[in-house]
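Visitor: Take a look at the letters that make up each chain.
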Amino acid sequence: MSSEDSGAVSRDRRRHSTHIRSIIVGGTLPVAIGLAATLLMASWIPELPDPIAVHWSGAGPDGFGPAVPYLFMPLAFVVVYSVFAVMMSWKTTPSGSLASGQKLVLVAGVWMSTMLGIGIGGSVEFQRGLSDAKDAPDVGITLAIGGGVGLVVAAVAWFLLPPADEAQPSGAVPKSVDLRGGERLSWSHSTRFGNGTMAILGVVIALTAGIAIFAAMSSRPAAGVAIVALAVVAVSVVSMSLWRVSADHRGFIVRGAMGWPSKRILLADIRTVQVLDVHPMRDFGGYGWRWSGGGRSGVILRTGPGIEITSSRGKRFVVTVDDAETGAGVIAAVLKKQTSRAE
Amino acid sequence: MLIRIDPSSGVPLFDQLAGSIRASTITGAISVGERLPSARELAASLDINVHTVLRAYQLLRDEGLIDLRPGRGAIVTGRASGDYDALNHAVDAAVAEARKLDITPSALTALIREAYQ
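Top to bottom, those sequences are chains A and B.
Residue 12 in the working numbering is what sits at position 12 of the first sequence, and the numbering runs on without skipping anything.
Residue 1086 in the working numbering is what sits at position 86 of the second sequence, and the numbering runs on without skipping anything.
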C-alpha cells in the first residue's frame, strides 16, 4: 500500500468518526434531552391546572393554554434544529474534521435543548398542584438556570467533537485568459442564492407576512411594527439574493441588485487570484455576506466554484459564481499585462 | 459573459461589441432571459463611450437577440443555445486547424468573411 493510499484510508476513517460524533452530539444528545424533559412533563399532566400558564410578562402569567402542545414544544424545536445542524456539518473539511462554525452549530442544539428542557420543564413544575394557573410563579429564574446549565453541557459537548480544523481550503491558480496587444477584456456574470436557499427565504418572507397581517388585524401600533419588520426582511433578502460580479481592467467588482452593498477591489490592490470550491457552512459558517477567520470575507450564495481575490494587504475576498474559471482568468490576464507594462 | 474588443483593429467598436455578445449567446455563455450589464456599466468596464455600447445594444435589438426597455436594461431573448451545437463544434475544429497551421485569428476571420461572399 502506498503512503497516498494509507493517507486516503485514514482520512476516510476520520471522516466516518466525525460523522458519528456529529450525529451523537448534534442529534442524539439534544433529542434525548428534549425527549426526557417532555416525558417528565407529561407525567405531571394529572397534577396540572387546565389551562396552564404558557407566557409570563414579568408580573405574573399573562398567557394561558392547554398543556399538551406546550409540553411538546421543546422537543419539536430540538428535532427540527438537530436535523438542520447535522446536515450543515455533514460536509467535513478536507482532512475529515469540522470547522469551528460547524462545531458551534452542533453544540448550539445541545445548549438549546438543555435551556428549553429546564426552562419550560421548570415553568411546568411550578404549576404542579395549583388549581388556577393565575397563581403560577415567575419563570425567569428557570430559564436563566436552563441557559447556564446549557452552557456547561454545550462546553462538554464541544470537546466530544473532533478538534476544530482551521486550515482554510486552498484554491487553484486559474488559466490566464488570452490577451494580446491593445485588446480589452470585460467579464461579468450574475450570481444568486441556490434554489433551496431561495425556497427557505420564500418561506421566511411568507411567515413574516403572515405574522404582519395577523398583528395588523389585532392592534394598530402592532401593525406599524409589523409592516416595518416585513419591509426590512424583504429589502435585506432582495439586496442579498442577486449580485453581479465583474472583472476587467479596473479590477474586481461585486455589486448587489440594488447597487448596495458592493465591493470593489482595484487592480493595483490585487496580489493574486484563485479559483476554489466553496462549501458555505464549512468555509464561512453560513450564507450571504460573510466574514470568517484570518481576514477572509465573501459573498457566499451557494456550494460550488468561486473566485478568491487576495489583496496586497493579504485580505481575501471570495464570491461564489458560475464560470469562475473565466472570471479569475480575466483578472490573471490583466494582472499579467499590468506587471509586464511596469517592467 | 466574456467580451473582448480591440480598438486597434479596423472593425468599428460597436460591431466588435455586438459580435462578442452575439458569440456569447451562441456558445451558451449567456442564456436566454439573462440581463446584460447596463450600458453605463459595460462602457466603464471596457473604457469606451456609453453611446458605443448603446449602438451595439440597438443593433442586437434590431436583430431580435435582446429586448431593450428603458429602466429594465437589456434582456437576452434570442433562440435557445442548443441549436448551435454543430456550429460550435465546427468553430472549435476550424480554430484547432488554424492553430496547427499558425494562422492568426484575424487571418481566419478574413477567410470566414471571404467564404460568405
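Treat the hints as calculated values from the structure; they're not laboratory data.
Do not rely on the hints blindly, as some may be mistaken.
[Said to hold, decoys possible] As a list, the in silico SDA-like pairs of lysine to any residue whose alpha-carbon atoms are at most 20 Å apart:
hint	chain 1	residue 1	chain 2	residue 2
1	A	Lys263	B	Gly1064
2	A	Lys263	B	Ala1096
3	A	Lys337	B	Ile1048
4	A	Lys336	A	Arg296
5	A	Lys337	B	Pro1007
6	A	Lys337	B	Asp1047
7	A	Lys175	B	Asp1092
8	A	Lys175	B	Arg1099
9	A	Lys175	B	Ala1044
10	A	Lys175	B	Val1095
11	A	Lys337	B	Ser1009
12	A	Lys337	B	Ala1029
13	A	Lys263	A	Ile227
14	A	Lys134	A	Trp56
15	A	Lys337	B	Ala1044
16	A	Lys336	B	Ser1038
17	A	Lys175	B	Leu1059
18	A	Lys336	B	Ala1029
19	A	Lys263	B	Arg1040
20	A	Lys175	B	Ser1009
21	A	Lys263	B	Asp1092
Since the structure is predicted, the reported quantities are computational estimates derived from the model, not experimental observations.
Visitor: Next step is simple, just say for each hint if it's right about the structure.
Guide: Checked hints:
1. For the suggested pair A:Lys263 and B:Gly1064, the alpha carbons sit about 34 Å apart, so the restraint of at most 20 Å is broken.
2. This hinted pair does not check out: A:Lys263 and B:Ala1096 have alpha carbons roughly 39 Å apart, beyond 20 Å.
3. Between A:Lys337 and B:Ile1048 the alpha-carbon distance is near 19 Å, which keeps this suggested pair within the 20 Å criterion.
4. Restraint check: the Cα-Cα separation between A:Lys336 and A:Arg296 comes to about 24 Å, which exceeds 20 Å; the hinted pair is violated.
5. Restraint check for A:Lys337 and B:Pro1007: satisfied, since their Cα atoms lie roughly 16 Å apart, inside the 20 Å limit.
6. Under the criterion of a C-alpha separation no larger than 20 Å, the hint pairing A:Lys337 with B:Asp1047 is consistent with the structure, at around 16 Å.
7. Using a Cα cut-off of 20 Å, the hinted pair A:Lys175 and B:Asp1092 holds, with the two alpha carbons roughly 19 Å apart.
8. Between the alpha carbons of A:Lys175 and B:Arg1099 the distance comes to roughly 19 Å, so the proposed pair stays at or under 20 Å and holds.
9. Between A:Lys175 and B:Ala1044 the CA atoms are separated by roughly 25 Å; this puts the pair beyond 20 Å, and the hint is violated.
10. Distance restraint check for A:Lys175 and B:Val1095: the Cα-Cα separation of roughly 19 Å lies within the 20 Å cut-off, and the hinted pair is therefore satisfied.
11. Note on A:Lys337 and B:Ser1009: the hinted pairing holds, with a Cα-Cα distance of about 19 Å set against a maximum of 20 Å.
12. Simply put, A:Lys337 and B:Ala1029 have alpha-carbon atoms about 25 Å apart, too far for the 20 Å limit, and the pair is violated.
13. A threshold of 20 Å between alpha carbons decides the hint, and for A:Lys263 with A:Ile227 the separation of about 30 Å lies outside it, so the pair is violated.
14. In summary, the hint linking A:Lys134 to A:Trp56 is supported, as the alpha carbons are separated by about 10 Å, within the 20 Å threshold.
15. Proposed proximity of A:Lys337 and B:Ala1044 is supported: the alpha carbons are some 19 Å apart, at most 20 Å.
16. Annotation: proposed proximity of A:Lys336 to B:Ser1038 is violated, straight-line Cα distance about 28 Å (limit 20 Å).
17. Between A:Lys175 and B:Leu1059 the CA atoms are separated by roughly 33 Å; this puts the pair beyond 20 Å, and the hint is violated.
18. Between A:Lys336 and B:Ala1029 the alpha-carbon distance is near 24 Å, which puts this suggested pair outside the 20 Å criterion.
19. Our distance criterion of 20 Å between C-alpha atoms is met by A:Lys263 and B:Arg1040, whose separation comes to about 18 Å.
20. With a C-alpha separation of about 25 Å, the suggested pair A:Lys175 and B:Ser1009 falls outside the 20 Å cut-off, and the hint is violated.
21. Of the supplied pair hints, the one linking A:Lys263 and B:Asp1092 is violated, its CA atoms being roughly 36 Å apart against a limit of 20 Å.
Checked against the numbered hints listed earlier, the structure breaks hints 1, 2, 4, 9, 12, 13, 16, 17, 18, 20 and 21; every other hint is satisfied.
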